Structure formats: C-alpha cells, structure tokens
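Given the sequences, and given the hints that come with them, work out the whole structure.
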Amino acid sequence: MRITTTVNGEQRQVDDVWEGESLLYVLRERMALPGSKNACEQGECGACTVYLDHVPVCACLVAAGQADGREIVTVEGLQVEGELHPVQRAFVEAGAVQCGFCTPGLVVATHDLLERSGQPSDPEIREALAGNLCRCTGYEKILDAVHLAADRLSTSEKQ
Amino acid sequence: MTTVIARPESHTKVIGGRVGDSPQRPDGNLKVRGEFAYSSDLWMEGMLWGVTLRSPHPYARIRSIDIGPALATPGVSAVLTHEDVPGEKLYGMDIADQPVLAIDVVRYQGEPVALVAANHPEVARQAAKKIRVDYEVYEPVTDPIEALGHPGWNPGQHSTAPVVQVVELNAERARLHPNGNLVRHLKIRKGDPAPVADVVVVGEYEVGMQDQAFLGPESGLAFPAEDGGVELHVATQWLHSDQQQMCLALGLPPEKVRLTLAGVGGAFGGREDLSMHVHACLLTLHTGKPVKMVYHREESFFGHVHRHPATMRYEHGATGDGVLVYVKAAIYLDGGAYTSSTPAVVANAGTLGIGPYVVPNVQVDCFGSYTNNPPCGAMRGFGAVQVAFAYEAQMDRLAAELGMDPVELRCRNAMTEGAQAPTGQVIDSAAPVEELLRRVQSMPMPAEHPAAGDTDLRALPGGVSNVTHGESVVRGVGYAVTYKNIGFSEGFDDYSTARVRLEVVNGEPTVTVHTAAAEVGQGLVTVEQQIARTELAVDRVVVHGKDTRVGSGGSTSASRQTYVTGGAVKAACEKVRDVLLGMARRQLGHTIAGLRLDDGKVVSDGEGVVAAIADVLGDRVIEETLQWRHRPTEPIDPETGQGFAHVQYAFSAHRAVVDVDVELGLVKVVALDCAQDVGKAINPEAVVGQIQGGSAQGLGLAIMEEVIVTGGMIRNPSFTDYLLPTMLDMPPMKIAVLEYADPHAPYGLRGVGEPPTISSGPAVAAAIRQAVGKPLSRVPIRPEHITGT
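Here the protein sequences line up with chains B and V, keeping their order.
For the first sequence, this note's numbering begins at 1 and goes up steadily by one.
For the second sequence, this note's numbering begins at 1 and goes up steadily by one.
Please note that the accuracy of each hint is not assured.
Said to hold, decoys possible - Not the full set, but computed from the structure, chain B residues with beta-carbon under 7 Å of chain V:
| id | residue |
| --- | --- |
| 1 | 44 |
| 2 | 61 |
| 3 | 99 |
| 4 | 130 |
Since the hints were made in silico from the structure, they are not lab data.
Predicted model, so just to flag it, every value in this text is computed and none were measured.
Every residue gets a Cβ at the ideal spot worked out from N, C-alpha and C, and that includes glycine.
Here's what the structure looks like:
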C-alpha cells in the first residue's frame, strides 16, 4: 500500500508498504529516519516515542496505515534551525546520555511534558517518564536534565 | 582524597576536558538528535534481512531438517543449516562447545537451528516457519545440583511437566557434554579445616536469573568484500574475540574478516558472546549481498547469555564478641547449556565468596554446571553479585544472633590494606571497607513516611495502584558492602592496544586516538580524549572509529577499560611526547632541562615557553602504536584456591531505605545511598553515572528482575513480563566518591562499573528483611514472599 504523511514538516510518500508494518518500521527502514528506536517493539520501553498529530505515541504500536494522511514529528525533527532543542542540549549537558538508545524516546517524552507543564515537580516528572525505560543511567541524571531544560525554557519564555 | 556528591547545585561545566574533569561525551549531540548510528540502524542498497530459526525445545535430538518449502518461498535468497558452516562448527570464547547452527542435538530452548535471508524481514520470518525440523524431544536436565549427581535441595524449584511427548532421561542423555555436566569446581581451603566457633549461623540462599536487558537489540550488517572476505558492523564488547571466533567458523584468515563497532545500545556482559555475527556473515557470503539482522526483544532473551542463577549454602562461625572465625560455603551456579564464561564466573564467585572480610578459616566449594536451561555467562558483577546476596544476609543473621548492630559487625571484620583474601592474596592498596560503611551510615536519612491517609499516593509502595493507602507500610534500613576484582584474572594475558597520532590539522595540533576497545555507553571515548589531552597538552582530540584495523583492546567487561585501554592510551601518548620533545631539542640545537608540554606548547621550567607544538611538528606526523599490560596475575592452586589471582580490587557500600506495605507485599525503595572508592575519578560525572546506573540494576535483581525458567523454558521473554526498574522505582541517591589511589594503576584509578551493581541489591534485601521480619532468602523478593501467601 501507499502511505502519505507529513514527517518533520515534510510531505513524505512511500509505496509497497506491507500492511503488517508498523509506523516505526516505515520511519526507520523506508524513510531513512532511524532516530526512533526499536528496543521492545511492544510499547513497553518508550524508545520509539514520536508525535502523531501532536500526541506522543509509541511508533511500534501504530500500524503504518494508521499514519496515512497524518502529521508525525520524530526526534530528528526537534532541532530548531539546526540547533539542538533545549531539551536535547540539557540531556547532553546533564550527563543523561550513556548508551543513548533510550534517549530519542525520552527527549520526545520530555519535550511533550514541558509543553504541558512548565516546571514539573520530581513526582510529576517520574510519573510522566515512567513509560520510558533506561538501562544505563538509573534515571537520576535524566531527572536533572528535565529540570535543566525546564529552567532554560521558562527563562527564555520570560525574555 | 576528595569527595564528589551527586546532583550538583549547578550544571556549570568545567571546560578543559582533562583527567579529573567532566567534559561532555563526544557522541552526545549525535545521540540526542537521533543521528547516532546503532547496529540496528544500518542500511545498504539491496540488502537482505536475515532471521534465525530457533529450537522450541530445551533438549532434543534433531532427526531431520527439510528446508525445501522455505527455500521455495518467493523473496527468499538463502536457507542455511550447519551443513553450510564452512569452518569449525563449534564456537566459544575459551571453550568451543556451542554449535554455530545445531547439528544433531539442541541443548536449550532458542538454540539456533537454521537461517533465512529474504528481501523483507517478515518474508524471512514466514519462510523460517516453513522449515520442517523433526525433533525427538528429551526430558531436560534442569537442576544444576542434580545435574552433577549431588543430592538436591530446594525441592520446590524442580521443573514442571512439559506438554510434548518426552523421552525420559537415562544416564547417557543426562550427560550433556562429553566430559559430563561439571564446568568447573573451584575450591578454597584456607586455615583450619575443622574450626570451632562460639556462635554459628547457617543459611541457604537463591538468586534468580537476571537479564542484561540492554535496550539496543543484537544486530548488525554484514557485506561481502571484493577480496572474498567479509565486513561486519556490529554491537559487541570485544571486536577481536569476535573476529577470532568468526574466522574459525567461516574458515577465513583474520585479514579477510574485518569488524567495525557500530553504535552499541548497552551491553552489561550480554554482548561478550557471539550472537548474530557468524550467521549474518554466512548469509552474506552465501548470497553475495549485504545482510542485516536485528533481533526482536523476545528473540533477544534467547539470543544472549544471562546472569547465572545461584543456589548457595553458607555457614558462618564467630566468637561471642563478633569476630569471624570461619566461613564455609557451597555455591552452585547454573551455567545452562554451553560453557560461555562460566569458568571465570565460578572463579569470581568462589574467590570473592565471603566478601570483604578478614576470615582466618575458609572453605568454599563453587560449582558451575551444565543444564538444559538458557546458557549463562557474563553480566555486570560477574559472579560477585550472587555471593554478595548470601554473605551479606549471613552477616545480618550473625549480627542478630550476637545482638550486634549489623554495621558494627561488618566493621569489626572489615578488610584493610594488607589483609589477606581467602586466596592468600594480600590486598596491596587501599581497602576502605569500614570507611565506606561509615560514610553511608552517616548520610542524612530520608524523611519519615507520613501518617496513613496523609500521603501522596505516588510516594507509597505500589504508587497510585496501592489500594491500602499506606496503613500497613513499615520502613526498613539495610546495609551491604562488597568488593570486586577489576580486569581479567588467573594469569590471563590482559592487554590493550593504542595507536596515537599527533599532527597539525588546519594549523592546530590534533591527536587521533585509535583503539579497538568497545564503547558501549560507559563513556570510554570521553576518557580516551581526556587522557590524550592530559598527556599531550592538546585540546583537539579525535577518537577514531573502533575496528579491527588496530590491535585488540581486550573486552569491555570486568570494569577494565579505563584501567587497561586508558593505560594503553596513556603509554602511547607518553611515547609520542618523548618523540615530540626530542624533535624540539634537536630544533633548538641545545639541551634544555625539564622540557614538558603545557597548553599546546613546549615549555621548560627555566625558560618558559620555548616553542608551540604546531611549530615543532610542522608537516610531520608522530604515530605510535603499543600494547599495554597491567601487572601479571597467577592461576590459583586447584586444590587450595591459593594464589595471586586478581590484579585489583574495588570496594563499594550501600545503605537502602525501604517502605514495605506488608499487607500487599509491595516495596518502595525510598533511598539507596552509596559510597565507593574509585582510586581516581578520571571523569567524576561519568563515575556518578556508573554508580547510579549500576545501583539500579542491583535494585532490579533484589525486587523485580528475573528470567523465569521452568522445565528449561523461558516464561517471560518480554519487557511486559520481565520487569525493569522505571523512573518511579529508582529513588534519589546520595553518593560519596572516595579517591584512594592504587599505586599499581594508571593515575591510581580503580575500575568503577561493577561494584555498585553488587552491593546495592543486598542492601535493598536487608532493608526489606528488617521491615518484614522474615528471612527472605531468595531474590528477587516478590510480594508473595513478603506476605507469605
């Protein structure tokens, strides 16, 4: 089948998609966007989190056909004019990245959290990101990164 | 000595990036942008997808394999079996006993039987289902103690009846390998064989099978080379060990099997053994096309070794005032179907089996067995994790028997520098066991949990799912301390190779560091840059991609890379520096005392700056390649276990504070504080990251993580059913990093990665026991163990 979507602001069309393919497979293998990660492929780890019509979803749980005609933003689409988004920058600076396989999903999930809540508390962050598994960091520096990004975003909004 | 406390007040970075600083990782920006190329992200024009057909049975004889219908499937390019393996058909890191593809017998569920390459992964998977394998199914050997013919214990743990028609075991079939079912029996015999003590405590303990659960699945891309060889881009922990095993299986010389490290999504021991390496190369050599293989999560549970489950019986004897007189231990580790690294895991569990305590009389018998359970091998902590649960539970039990405080009992028996390990090895650098315990003991305690009904549900055990709202929540506090060998032991030739190049690029002196040491997320690439900047006083340092075009870096395991590859990079830089300073002397035409490098310049104490490095170099290039070794170790005596077995020891202690809902059996770890001696923190932020991440894995084993195996079958091969700690499960940590230099190691550093995974779990288990008042001698501790229902 043919799938037509908007991905990271660009109109994309792919042909010969098998009906059983997930949005994650189409992004990674057909659209050359492997940033969204394939860690569990059953919606448990959050590594493939993308925006689908502005709502964060696990791309592995979305059938490719469901994405037809819709708008998708992946981790590759979060940069602003070629610069790292403040959330991305905070993850690097806080040491929240080790192997980094969970990072794209966490960056998207954090991006979404900070869109909804400017200065989330620790319990709010933990609850919001509990669907994103990280095996390397023990999460402490991810918590630091979220706070750092929240501080920077709220400061830039005030200016 | 300095102390670094986690969660700094400010995120201001020290710019500079030399040893002791915390510069950002060179791959960080790529990773947050989603542009870092992991082994599962690779793509080539015209590539095929490879899949593996695996045995559904833990033990069976293969009567026949019919690949005809699979091969006839449209889109399929190849279907291969053991007959297509051109070289050695068995592989293994030290002992080659594992078939590349099953030959006549399968010995564990998930053993690879056949391969398919097709133009789409789903086409390959469907074709694999059409391969007809006729099995004669045997009753599996599942008890690691009975597998050795030893009288069993823990009758509740035996296998359940399988559903298929099964041929019962007889003496011949119960022997899984030609030499029987014993992988290794390690004995420690020290002091009086029949010691007598005032107080004796005995306990039996079990540790479940843990999975590394790295997030990046086993994967890689192989493609044929013009010289008849093969290229493989893969996620691994040791490129050269892989290469050596692959050459044997493929029947190719090393120059025709070239490996490049792709992005690695975590490892934790699970990538020491080969997974899809040979398989992808077989398919690519057979088809002449690039072949990509990526395991699904379920397949990953069958595609790598796990942490050995352990069954342990301990007896501790002490004087009435709490001085240890003796320890006796019998330790059984289930190695599963093939050898993997079981011999070395047995060595660690045996030699480290009584913990960091001074004990004059020690008898340890540590066994590794073959069974038809999933193969077990390396996982962070490597044998030291299992025994720590037992010896630390014993210390608590002994303290209770003596009416002593558990920390006081530990301190009374703590190892110090100059103490003798059970192997007779004298600890010849700092052993701050007591200080580590005192450090965590003196850290501020978390706030008491609020009265029932008055609390944020999210703070309760079970979180918002807690249905009692905290009426039955009891707090407990537990301590544990441990030590771990760093680097490869028992006389292993444990070296690393570094190639360091210094040249002027765009007017700026530039260092390129090339090693084959695998970066798996821990930050070795950052450390390599820091060492080169420190030794050569140059800001711009490029870390070359990791591949087999330079000599072996040894394994990224045993917490050894900063020590050994760091040592190699340091030594190669020193050699480059000597050459550079020689050039400077010749150019100056006279001898200047005390020439050294500082901030891009050649300086001397007497004359200050004498030349810029860039000017000394001009268009010349200095390149040095060398192998570097830590001091040698020795094999231990097979009868007494005595010998200089380990190159270095690292120590850590944890204090865990838990809230337990004793009615529901739910646990919330409220605090998990750690003190660790790292000798020298080469990168303090990365050290803290290792402690936090390592502690999370220990917490996981204590209360949630287990590969459940019954009848040789894995029952929970998914992240739905194998539970990993989430952000809600990990508490904030207070961390003290001690720096007592080890005079034998580069910069005085100690390996960092493993100790926190070892002492965290036993501390959590101890805290739960204190809250619940039950022995809880098996981990992971589940709700039903706490409630007794």
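Discussion item. Hint residue 99 (chain B) vs chain V: min CB-CB distance below 7 Å?
Written reply: This interface hint holds because 3 Å falls under the 7 Å limit.
Item to complete: Identify whether the interface hint at residue 61 (chain B) stands, where standing means a beta carbon of chain V within less than 7 Å of its own.
Response: 12 Å, violated
Worksheet entry | residue 44 (chain B) as an interface hint toward chain V, with CB separation required under 7 Å | Where the cut-off is 7 Å and the nearest Cβ of chain V is about 4 Å from residue 44 (chain B), the hint holds.
Discussion item. Just to be careful: measuring from the Cβ of residue 130 (chain B) to every Cβ in chain V, is the smallest value less than 7 Å?
Written reply: Holds, about 5 Å.
Hint 2 from the earlier list is the only one contradicted by this structure; the remaining hints agree with it.
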